[in-house]
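Kindly generate the complete structure, drawing on both the sequences and the hints.
2 protein chains.
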Amino acid sequence: MSIKIGILGYGNLGKGVEKAVKQSPDVELAGVYTRRNPADLKIDSEGVPVQSAKKLENGREDIDVLIICGGSATDLPEMTPKYAELYNVVDSFDTHANIPVHFDNVDKSAKKGGKIGIISVGWDPGMFSLSRLYASAVLPDGKDYTFWGKGVSQGHSDAIRRIEGVKDARQYTIPVESSLKAVREGKNPELSTRDKHLRECFVVAQDGADKAKIENEIKTMPNYFSDYDTTVHFISEQEMKKDHSGLPHGGSVIYSGKTGDNKHVIEYSLKLDSNPEFTGAVLVAYARAVYRLNREGVTGAKTVFDIAPAYLSPKSSEKLRAQLL
Amino acid sequence: MSIKIGILGYGNLGKGVEKAVKQSPDVELAGVYTRRNPADLKIDSEGVPVQSAKKLENGREDIDVLIICGGSATDLPEMTPKYAELYNVVDSFDTHANIPVHFDNVDKSAKKGGKIGIISVGWDPGMFSLSRLYASAVLPDGKDYTFWGKGVSQGHSDAIRRIEGVKDARQYTIPVESSLKAVREGKNPELSTRDKHLRECFVVAQDGADKAKIENEIKTMPNYFSDYDTTVHFISEQEMKKDHSGLPHGGSVIYSGKTGDNKHVIEYSLKLDSNPEFTGAVLVAYARAVYRLNREGVTGAKTVFDIAPAYLSPKSSEKLRAQLL
Numbered sequence: 177m178s179i180k181i182g183i184l185g186y187g188n189l190g191k192g193v194e195k196a197v198k199q200s201p202d203v204e205l206a207g208v209y210t211r212r213n214p215a216d217l218k219i220d221s222e223g224v225p226v227q228s229a230k231k232l233e234n235g236r237e238d239i240d241v242l243i244i245c246g247g248s249a250t251d252l253p254e255m256t257p258k259y260a261e262l263y264n265v266v267d268s269f270d271t272h273a274n275i276p277v278h279f280d281n282v283d284k285s286a287k288k289g290g291k292i293g294i295i296s297v298g299w300d301p302g303m304f305s306l307s308r309l310y311a312s313a314v315l316p317d318g319k320d321y322t323f324w325g326k327g328v329s330q331g332h333s334d335a336i337r338r339i340e341g342v343k344d345a346r347q348y349t350i351p352v353e354s355s356l357k358a359v360r361e362g363k364n365p366e367l368s369t370r371d372k373h374l375r376e377c378f379v380v381a382q383d384g385a386d387k388a389k390i391e392n393e394i395k396t397m398p399n400y401f402s403d404y405d406t407t408v409h410f411i412s413e414q415e416m417k418k419d420h421s422g423l424p425h426g427g428s429v430i431y432s433g434k435t436g437d438n439k440h441v442i443e444y445s446l447k448l449d450s451n452p453e454f455t456g457a458v459l460v461a462y463a464r465a466v467y468r469l470n471r472e473g474v475t476g477a478k479t480v481f482d483i484a485p486a487y488l489s490p491k492s493s494e495k496l497r498a499q500l501l
Numbered sequence: 177m178s179i180k181i182g183i184l185g186y187g188n189l190g191k192g193v194e195k196a197v198k199q200s201p202d203v204e205l206a207g208v209y210t211r212r213n214p215a216d217l218k219i220d221s222e223g224v225p226v227q228s229a230k231k232l233e234n235g236r237e238d239i240d241v242l243i244i245c246g247g248s249a250t251d252l253p254e255m256t257p258k259y260a261e262l263y264n265v266v267d268s269f270d271t272h273a274n275i276p277v278h279f280d281n282v283d284k285s286a287k288k289g290g291k292i293g294i295i296s297v298g299w300d301p302g303m304f305s306l307s308r309l310y311a312s313a314v315l316p317d318g319k320d321y322t323f324w325g326k327g328v329s330q331g332h333s334d335a336i337r338r339i340e341g342v343k344d345a346r347q348y349t350i351p352v353e354s355s356l357k358a359v360r361e362g363k364n365p366e367l368s369t370r371d372k373h374l375r376e377c378f379v380v381a382q383d384g385a386d387k388a389k390i391e392n393e394i395k396t397m398p399n400y401f402s403d404y405d406t407t408v409h410f411i412s413e414q415e416m417k418k419d420h421s422g423l424p425h426g427g428s429v430i431y432s433g434k435t436g437d438n439k440h441v442i443e444y445s446l447k448l449d450s451n452p453e454f455t456g457a458v459l460v461a462y463a464r465a466v467y468r469l470n471r472e473g474v475t476g477a478k479t480v481f482d483i484a485p486a487y488l489s490p491k492s493s494e495k496l497r498a499q500l501l
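In order, the protein sequence lines correspond to chains A and V.
In terms of this note's numbering, the numbers along the first sequence are unbroken and rise by one, the last being 501.
In terms of this note's numbering, the numbers along the second sequence are unbroken and rise by one, the last being 501.
Please note that the accuracy of each hint is not assured.
Any copy will do: because identical chains look the same in the list, a pair fits if it lies in one copy or spans two.
[Claimed, not checked] Quick list of in silico lysine to aspartate or glutamate cross-link-like pairs, EDC-like style, CA-CA up to 16 Å:
1. K284 to E376
2. K434 to D449
3. K258 to E237
4. K491 to E222
5. K372 to E494
6. K288 to D317
7. K357 to E340
8. K439 to D449
9. K495 to D482
10. K198 to D317
What the hints contain is simulated information worked out from the structure, not anything from laboratory work.
Structure follows, in structure tokens:
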């Protein structure tokens with residue numbers, strides 16, 4: 177009997193979850209739920225119903241875990257607590273400062289409904305967070321560094337697209353090689369925002385747009401670009417399509433710690449061809465864990481820190497010990 | 177109130193545990209136990225009693241967790257099940273083929289005594305095993321590669337020391353760069369034993385020893401060297417002391433997987449100045465987890481796969497979410 181997954185929200189992430197479900201022998205897609213008109217949605221799983229998100233509200237949909245693929249700004253703070261009372265849920269909430277509030281809200285409603293809501297699942301927060309925790313627990317005398325990229329930041333790309341005269345844009349976050357090197361050598365440098373990452377932008381301008389003005393607006397944009405060394409390239413629509421249509425990402429968590437006089441460097445790194453597909457795969461592994469833990473009677477809000485690794489794998493504990501330990 | 181740790185066995189690993197205890201605010205060293213004459217042992221912790229291992233047998237020593245620092249060949253298969261009935265225990269058992277039997281033996285006696293016995297803790301098995309599990313759970317369609325080194329293999333160094341005419345020896349295990357590169361690029365190569373690692377040996381010969389014979393004996397030694405490209409350097413005793421007195425080690429677990437047509441490469445790597453000190457630090461983090469879980473009523477044998485990461489850290493769940501998620 178396989179675990180029945182529901183997907184709420186069918187954007188890039190929802191599609192990534194759908195792909196991951198297909199690769200997992202013990203889970204199946206039971207339904208896709210959308211706030212758009214269900215008739216307008218073409219999904220990639222034959223025979224799976226596409227329904228209005230409203231259908232979820234009676235709590236009677238036949239799904240074991242609902243994976244909520246919404247945005248952290250406005251969708252998830254409302255959706256995850258709402259559905260955690262009715263279903264086991266997984267989300268990828270990544271607005272760091274608001275995690276405590278979100279956790280409490282999900283905890284209350286999940287406990288009320290006897291369900292589990294696991295929040296902030298993905299690679300950062302998610303797999304990167306795990307690396308920071310394991311490393312700092314083992315070596316309390318140390319320091320962690322997180323570098324992102326090379327990869328496409330969708331938030332930064334969107335910010336450029338909102339500038340007047342911009343038709344399309346893609347922004348790559350790139351770690352500064354010399355800083356990476358110093359951290360890997362265990363030098364524990366103090367690094368400013370500018371020291372850690374570069375921002376490289378590819379922009380398709382509208383006909384007749386003032387490119388110098390666009391470039392200046394990008395480079396001086398507060399929060400997004402002004403604290404970084406930023407380069408801007410204007411390219412054609414065809415070049416954008418040919419060279420920049422993927423959503424690769426990745427990065428490294430590097431922890432440099434000591435035992436007495438001896439130094440130790442721990443690095444966890446990801447090179448991902450598709451950010452949303454990898455994130456979707458992490459969400460499905462945690463959906464498996466949530467399903468199992470809830471059957472054992474566990475309820476409430478959780479994060480990746482609370483889940484014993486064995487719950488993530490479809491393999492038995494005996495097999496895991498024999499094959500992976 | 178801090179967690180009281182006992183150390184059984186005061187070799188390199190026991191000393192590493194002692195150092196890790198000093199760096200952890202919430203644990204303290206309550207006693208060192210030895211099969212040697214306790215009077216002959218000078219430890220590095222003032223005021224901590226050194227006692228005969230026999231003292232442990234009545235089960236009345238005032239320790240919360242006993243960390244057993246013995247060898248996997250003959251010590252741990254006997255010691256861990258024996259003491260798991262009397263105390264919560266942690267070991268670093270690493271004879272892979274015998275893990276299922278060892279697990280069962282520890283499970284029986286730990287359950288009988290209402291204790292927890294966690295086995296095979298360290299970096300491989302241990303942190304490397306976790307990387308293999310997390311990666312394969314997230315990307316079921318993939319393959320893992322483990323490379324060790326560059327680092328000192330104590331087992332291989334000992335094997336050389338047993339050859340006639342050898343006064344001292346140090347063996348470095350070195351990953352083959354071209355293979356590492358192919359794996360990191362996601363090429364999923366088929367690699368033989370020889371393709372993955374080189375073995376470099378530094379040997380101090382006794383006066384008048386037949387060096388050609390020693391070199392030949394090393395290079396043709398079954399299991400240890402014959403399946404590898406091995407180089408042998410004869411050096412002086414002073415050079416050995418000056419250049420090869422440390423016990424550095426490390427390595428990488430690289431997992432290369434797919435979602436549909438997209439490739440993803442996950443790498444976890446360690447560069448350790450001191451293998452026994454890092455291993456000791458991992459043992460102490462898991463001792464903390466074992467103590468907490470046993471207080472919650474959990475008993476029986478466990479591995480790193482069974483422990484939720486939050487149990488390893490001295491920080492509260494609230495702090496972990498705020499600082500590391």
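Verification of the supplied hints:
no.	hint	verdict
1	K284 to E376	neither (42 Å within a copy, 59 Å between copies)
2	K434 to D449	between (34 Å within a copy, 9 Å between copies)
3	K258 to E237	within (15 Å within a copy, 51 Å between copies)
4	K491 to E222	neither (27 Å within a copy, 47 Å between copies)
5	K372 to E494	neither (43 Å within a copy, 28 Å between copies)
6	K288 to D317	neither (40 Å within a copy, 37 Å between copies)
7	K357 to E340	neither (38 Å within a copy, 44 Å between copies)
8	K439 to D449	between (33 Å within a copy, 5 Å between copies)
9	K495 to D482	between (22 Å within a copy, 13 Å between copies)
10	K198 to D317	between (43 Å within a copy, 11 Å between copies)
Hints 1, 4, 5, 6 and 7 from the earlier list are contradicted by this structure; the remaining hints agree with it.
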